[in-house]
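Asker: Take a look at the letters that make up each chain.
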Amino acid sequence: GDSVTQMEGPVTLSEEAFLTINCTYTATGYPSLFWYVQYPGEGLQLLLKATKADDKGSNKGFEATYRKETTSFHLEKGSVQVSDSAVYFCALVSGGYNKLIFGAGTRLAVHP
Amino acid sequence: DVKVTQSSRYLVKRTGEKVFLECVQDMDHENMFWYRQDPGLGLRLIYFSYDVKMKEKGDIPEGYSVSREKKERFSLILESASTNQTSMYLCASRETGVVGNTIYFGEGSWLTVV
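Those sequence lines, one after another, are chains A and B. Take 1 as the starting number for the first sequence in this note's numbering and just add one per residue. Take 1 as the starting number for the second sequence in this note's numbering and just add one per residue.
Next up, chain B with everything else stripped away, as it sits in the complex:
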């Protein structure tokens, strides 16, 4: 079975802290994604990576950065957390080369910034 694992399910951080959200997939997928989910807004793409050390900005990259040093791991970094980054963060991955191939999601990380 496909597995996307987000290491932290629930985090509480203080304003100004540096926050790392880790995601690991076991399917050897090239593409990985970070979304944030907010009520009424659905899922919005923060960053995606189409291969190791490659990254592209999504729709809302401000205040975030990412790291992909190994194929299986994609990290989301909040350089200086702010209260408006309180949200649910979802990591996802997919293989390339197949039309309509499925994107697989992790269980999500609930981040509260106080």
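Extracted from the complex, chain A is given alone in its bound form:
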């Protein structure tokens, strides 16, 4: 079945460091891809998305490019801030009813 694999965390960075969180997927057809973020004590918020190959999603300095050839959707940010500390989930939409399938999540901790 369809699935999403994320790099394991936690990822610990200093402020202003470069961030990459790897995400690969397995899916039939052409899924839409998402990154969600969960801040402590809160639900999930959409961070960015891409609906077709070579699309780049971007928001709040984060970017991810839909790479069909490598079935990847890696999340990047050029300079992280302490306020970016959260859990990041990669996900895809699959199936006739568009169920969202999540990766296990990657915890990011940014220190001053």
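Because the hints were derived from the structure by calculation, they are not lab data. Take these hints with a grain of salt, some might be off.
The following label-pair restraints were derived from C-beta to C-beta distances [claimed, not checked]:
no., chain 1, residue 1, chain 2, residue 2, range
1, B, Ser65, A, Asn59, 22 to 28 angstroms
2, B, Gly16, A, Arg67, 46 to 52 angstroms
3, B, Ile60, A, Glu8, 30 to 36 angstroms
4, A, Gly41, B, Ile77, 22 to 28 angstroms
5, A, Ala53, B, Glu30, 23 to 29 angstroms
6, A, Gln45, B, Gly40, 18 to 24 angstroms
7, B, Glu30, A, Thr26, 26 to 32 angstroms
Below are the SDA-like pairs computed for lysine to any residue, each with C-alpha atoms no more than 25 angstroms apart in a straight line [what the hints assert, rightly or not]:
no., chain 1, residue 1, chain 2, residue 2
8, A, Lys52, A, Gly41
9, B, Lys13, B, Glu107
10, B, Lys3, A, Gly41
11, A, Lys99, B, Gln6
12, A, Lys99, B, Glu72
13, B, Lys55, A, Asp2
14, A, Lys99, A, Leu46
15, A, Lys99, B, Tyr50
16, B, Lys3, B, Asp26
17, A, Lys99, B, Arg68
18, A, Lys52, A, Phe62
19, A, Lys52, A, Glu16
20, B, Lys70, B, Gly40
21, A, Lys99, B, Glu22
22, A, Lys77, B, Gly40
23, A, Lys77, B, Lys13
24, B, Lys55, A, Gly43
25, B, Lys13, B, Gly58
26, A, Lys99, B, Arg14
27, B, Lys57, A, Lys77
28, A, Lys99, B, Trp110
29, B, Lys57, A, Ser3
30, B, Lys3, A, Met7
Note that beta-carbon positions come from the ideal geometry of N, C-alpha and C, so glycine has one too.
For chain A, the structure is supplied; the task is to place chain B on it using the hints.
Answerer: Here is chain B on its own, set in the frame of chain A:
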């Protein structure tokens, strides 16, 4: 702004109790979902509903049931709570008909079964 509201943020229940988790959305969305979130496992789909009175099992429906009598409300029911159902429960909704349309989440309900 889109709003998905879960009425209970924190609950503590005893083993064997019947538990209701309520979710309301104000966006007239057709699809609604219940997930549970556990460390290291990400989010797993329990049930979803694609319209009023319609429901489909997700990946882990055992021990749960759902009710959708009105479009805006989707309830998750634990018929007889057990300690392995201690978890964070997340409700979500989305509209249909648009490729890649966003799923909106509530803030979550932390359930502890003792």
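Asker: Checking each numbered hint in turn, tell me which of them this model violates, lowest number first.
Answerer: 1, 3, 8, 19, 20, 23, 26, 27, 30
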